[in-house]
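Visitor: Here are the chains, one letter per residue:
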Amino acid sequence: MTEGGFIEVDRVEKVFDVRRKTGFLRRERRQVRAVDSVSFTVARGEMVGYIGPNGAGKSTTVKMLTGILVPSGGRLRVAGIDPSRERTRLAHRIGVVFGQRTTLWWDLPLIDSYRLMHRMYRIPDARYRENLDRLVELLDLGALLDVPVRQLSLGQRMRGDIAAALLHDPEVLYLDEPTIGLDVISKAKVRGFLRELNAERGTTVLLTTHDLQDIEQLCSRVMVIDHGRIMYDGPLAGLHEVGESERTLVVDLERELPPIDAAPARVVRVEGPRQWLAFPAAESAAALVARVAAEYPLVDLSVREPDIEAVIAKMYADQAERVVS
Amino acid sequence: MRAGSLRLYAAVAAGGFRRYATYRAATAAGVFTNTVFGLILVYTYLALWDEKPHLGGYDQAQAVTYVWLGQALYSTLAIQGGGAEKELMGRIRTGEIAIDLYRPADLQLWWLASDLGRAVFQMLGRGVVPFVFGALFFPMALPNDVTTWVAFVVAVLLGMVVSFGIRHLAALSMFWLMDDRGVSQTLMVTGIFCSGMTLPLNAFPGAFGDIVRVLPWAAQIQMPADVLMGEAAPLGAYAFQAAWAVALLAAGRLVQSVATRRVVVQGG
Amino acid sequence: MGERSRLAEGLRIYRLIAGMWIRSLLTYRTSFVLTAFGNLLVTGLDFVAILLMFAQVDELGGWTLPEVAFLYGLAATAFGVADLVLGSMDVLGARIRDGSFDILLVRPGPVLAQVAADHFALRRLGRIIQGVLVLGWGLLTVDVDWSVPKALLLPVTLISGAAIFSALFVAGAAFQFVAQDAAEAQNAFTYGGNTLLQFPPTVFGRDLVRGATFVLPLAFVNWLPASYVLDRPLPLGLPDQVAFAPPLVSVACCAAAGLAWRAGLRSYRSTGS
Chain S
1 MTEGGFIEVD
11 RVEKVFDVRR
21 KTGFLRRERR
31 QVRAVDSVSF
41 TVARGEMVGY
51 IGPNGAGKST
61 TVKMLTGILV
71 PSGGRLRVAG
81 IDPSRERTRL
91 AHRIGVVFGQ
101 RTTLWWDLPL
111 IDSYRLMHRM
121 YRIPDARYRE
131 NLDRLVELLD
141 LGALLDVPVR
151 QLSLGQRMRG
161 DIAAALLHDP
171 EVLYLDEPTI
181 GLDVISKAKV
191 RGFLRELNAE
201 RGTTVLLTTH
211 DLQDIEQLCS
221 RVMVIDHGRI
231 MYDGPLAGLH
241 EVGESERTLV
251 VDLERELPPI
261 DAAPARVVRV
271 EGPRQWLAFP
281 AAESAAALVA
291 RVAAEYPLVD
301 LSVREPDIEA
311 VIAKMYADQA
321 ERVVS
Chain Y
1 MRAGSLRLYA
11 AVAAGGFRRY
21 ATYRAATAAG
31 VFTNTVFGLI
41 LVYTYLALWD
51 EKPHLGGYDQ
61 AQAVTYVWLG
71 QALYSTLAIQ
81 GGGAEKELMG
91 RIRTGEIAID
101 LYRPADLQLW
111 WLASDLGRAV
121 FQMLGRGVVP
131 FVFGALFFPM
141 ALPNDVTTWV
151 AFVVAVLLGM
161 VVSFGIRHLA
171 ALSMFWLMDD
181 RGVSQTLMVT
191 GIFCSGMTLP
201 LNAFPGAFGD
211 IVRVLPWAAQ
221 IQMPADVLMG
231 EAAPLGAYAF
241 QAAWAVALLA
251 AGRLVQSVAT
261 RRVVVQGG
Chain U
1 MGERSRLAEG
11 LRIYRLIAGM
21 WIRSLLTYRT
31 SFVLTAFGNL
41 LVTGLDFVAI
51 LLMFAQVDEL
61 GGWTLPEVAF
71 LYGLAATAFG
81 VADLVLGSMD
91 VLGARIRDGS
101 FDILLVRPGP
111 VLAQVAADHF
121 ALRRLGRIIQ
131 GVLVLGWGLL
141 TVDVDWSVPK
151 ALLLPVTLIS
161 GAAIFSALFV
171 AGAAFQFVAQ
181 DAAEAQNAFT
191 YGGNTLLQFP
201 PTVFGRDLVR
211 GATFVLPLAF
221 VNWLPASYVL
231 DRPLPLGLPD
241 QVAFAPPLVS
251 VACCAAAGLA
261 WRAGLRSYRS
271 TGS
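Residue numbers (the numbering used here), protein chains in the order written: chain S, 1 to 325; chain Y, 1 to 268; chain U, 1 to 273.
Treat the hints as calculated values from the structure; they're not laboratory data.
Just so you know, these numbers come straight off a predicted model, no measurement behind them.
Note that CB positions come from ideal geometry on N, CA and C, so glycine has one too.
Please note: incorrect hints may appear among the correct ones.
As the list claims (entries may be wrong) - Computed spacing ranges between beta-carbons, pair by pair:
1. Cys254/U x Gln100/S: 34 to 44 Å
2. Thr94/Y x Ser72/S: 39 to 49 Å
3. Val178/U x Pro124/S: 40 to 50 Å
4. Gly19/U x Asp169/S: 19 to 29 Å
5. Val178/U x Ala105/Y: 32 to 42 Å
6. Val178/U x Val32/S: 16 to 26 Å
7. Thr30/U x Gly15/Y: 28 to 38 Å
8. Val251/U x Arg89/S: 25 to 35 Å
What the hints assert, rightly or not - With a straight-line cut-off of 16 Å between C-alpha atoms, the simulated EDC-like cross-links for lysine to aspartate or glutamate are:
9. Lys52/Y x Asp231/U
10. Lys52/Y x Asp58/U
11. Lys150/U x Asp231/U
12. Lys187/S x Glu200/S
13. Lys86/Y x Asp179/Y
14. Lys86/Y x Glu96/Y
From just these sequences and the hints, can you work out the full model?
Guide: If you want it as structure tokens, here you go:
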């Protein structure tokens, strides 16, 4: 193992055979390169955001890292283990949280799912109790342990799922959309916990997300994948530079009015009394809000953060421009 | 019913048809399974009618016809459940039914239309092949005149309505129960046995036979089969089927109004 | 990990997961009681159908009611055991479609054990109970010239039969890796096989019996050993010794099913669908 490379991905490929119907009985076989010669290393204790549009190869990579899928080519090691060959041995050292699919037992009290993990992973009793106590405390699960999972809110269930994935002390945690659909408070709780986990235990974390704030608040490093290739690998700040992004101010006015004039913000959409203003992400929203509020009859307003798709789209647009000029 | 709402229900039925038409592999698997079961049953019936010719008033060819008809109509009439009622149960359990109440359509007719669409697809997609297979490899008692075939199709359509009536009532029980497994299984037991899937109802002995032959399930396979094979006068069969259809739909309406009132009171 | 410790680990995981499903079901007590009772009833109904047939005739394919009951009991009990242990494997296709199958792959423990225990339903005990009752009644009423080999053959037949049906369930599950929507097709072999074996072989066409002996060796579940116990000629004119082949056949079936499962899982892990 090279030094520092806890996760090593070296020119890994995944090619799928796709059969498509082209006529009543005619089928066309086509090869799709879902992951195309991807290479990166993640050091022990790093927290990395892995982002990209749907179908970019994100989840295929994670599936190969967790041993679900066998790569078509290249070399892959997690903690020195080849995931596709030693799936079971790897399972003891990794934790996986699938954002939209709970691994908890729907009809049973939360604690029952943890007892199953205890025995399934053969976690020593003292270790299990210690880990459970700590996770219950950090994730604020005390009052929920005896509640059937089906009665938990989405945020509570996500916290429960994260605890389930960590009871066996995994060295690396894969999170797939850990904050999707959660309210603001739940998001904050989950993020706070992940920071603490990383600081306290040095757990390596790889997370895929659509929420740019997840990355902003958690990850020192981002990898962007699209069309099966790594497009960017570096700090988040650099990504903002690469794809200068914009935030949106949504304004509800008292009545229909001509487009608001508040440069550098520009109106991108008008729908009756509601207008959308785009402004550079780096600008202060407060200043803009104050200006609009002073000059226009406001009913309501909200600020929308740029999402990953927007940043990436911008990134491409800039790239294309550079190629042209 | 106004022309507009008729068009609406036709569209709902077409939607039900199309939805099932997309499951091609499942349809192929169903055709295969129904054919295998038909094959097994046909031999047991042949042995039975060999021992006792004219059992239940059928000759061997009629017994064979009955077997393949049963396989052809098995999923059409959702004999073991699994039609629109399955989805309705799910919507009641999750509370999504409250949304349905705001649709500009009659709740019962909506589901009936959707289930009829499904049934027609199942008849064409899953029923025809096993039946043709049976007709090719075994002697069957099929009519030569178009009128009897038309009369048979009408009986099948009425059977579809009765079948929906039974399953709709069962689904409505979800307003009071938490879990559908018990009800679904009861539906399956009664469906398979009382529709005459294991043995034609007219071959059931004694008083037991007299009872099953007047239950609503008799309207599902026995009646269409007897109309097809000229064992029952179409009008009499229709009267029996229509009477059950009306009774079940009326009961369904009553239960539905009681149940939805509960939903409205609880605020969904 | 050696094959033996893998097997032990598989059984341990199976017990753990099955236990969770039992506890889940017990949270709906009324429904559990209803379905357990319903299961007993639904499985009992195919025997009622046979009783109804015998209410009209004295013999079916030359076999009397006690003989058919003996046949039925053997098949139903063997099938019941396989159905209890592996009968819920048909949810695999749905798990692959909704993506939850991946969760099983990131857990320690053999995937086959995890899938086998998935949706474990204790209510399926009803089928075994019903099979044993009919078998017991058949044994009490049937006219058998008992000998030591015949008495020994009985438990061996039950175990082998359960293994043959289990192999069918596993092979059916493996097929779902290829065709996720076609779970119903396996019913033709599992439930269909069980229905087939509830009637004497003399009822069926020669080609069907050949197929059920040499292609899909269902005949070894009961037709062959039961014919020997009842001093009837074995179907297809097979020699009497063949009646003792069920253990060998069941081992071969399990091996074939194991290979099919591995091939299916390998194809899933290379295609992800």
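Visitor: Give a verdict on every hint.
Guide: Cross-check of the supplied hints:
In this structure, Cys254/U and Gln100/S meet the distance hint of 34 to 44 Å, their C-beta atoms being roughly 37 Å apart. The beta-carbon spacing between Thr94/Y and Ser72/S, approximately 41 Å, falls within the hinted interval of 39 to 49 Å. With their beta carbons about 41 Å apart, Val178/U and Pro124/S fall inside the hinted range of 40 to 50 Å. Range check, Gly19/U to Asp169/S: Cβ separation about 24 Å, and the 19 to 29 Å hint holds.
For Val178/U and Ala105/Y, the Cβ-Cβ distance of about 41 Å falls inside the hinted range of 32 to 42 Å, so the restraint holds. Evaluation of the 16 to 26 Å hint for Val178/U and Val32/S yields a pass: the beta carbon distance comes to about 19 Å. Separated by about 35 Å at the C-beta atoms, Thr30/U and Gly15/Y satisfy the suggested range of 28 to 38 Å. Taking 25 to 35 Å as the suggested C-beta distance range, the pair Val251/U and Arg89/S conforms, at roughly 30 Å.
A C-alpha spacing of about 26 Å is found between Lys52/Y and Asp231/U, which places the hinted pair above 16 Å, so the restraint is violated. Under the criterion of a C-alpha separation no larger than 16 Å, the hint pairing Lys52/Y with Asp58/U is consistent with the structure, at around 9 Å. Simply put, Lys150/U and Asp231/U have alpha-carbon atoms about 10 Å apart, close enough for the 16 Å limit, and the pair holds. A distance of roughly 20 Å separates the Cα atoms of Lys187/S and Glu200/S; the hinted pair therefore is violated under the 16 Å criterion.
For the given pair, Lys86/Y sits about 12 Å from Asp179/Y by alpha-carbon distance, which is consistent with the 16 Å threshold. Distance check on the hinted pair: Lys86/Y and Glu96/Y sit about 14 Å apart at the alpha-carbon level, within 16 Å; holds.
Checked against the numbered hints above, the structure breaks hints 9, 12 and satisfies the rest.
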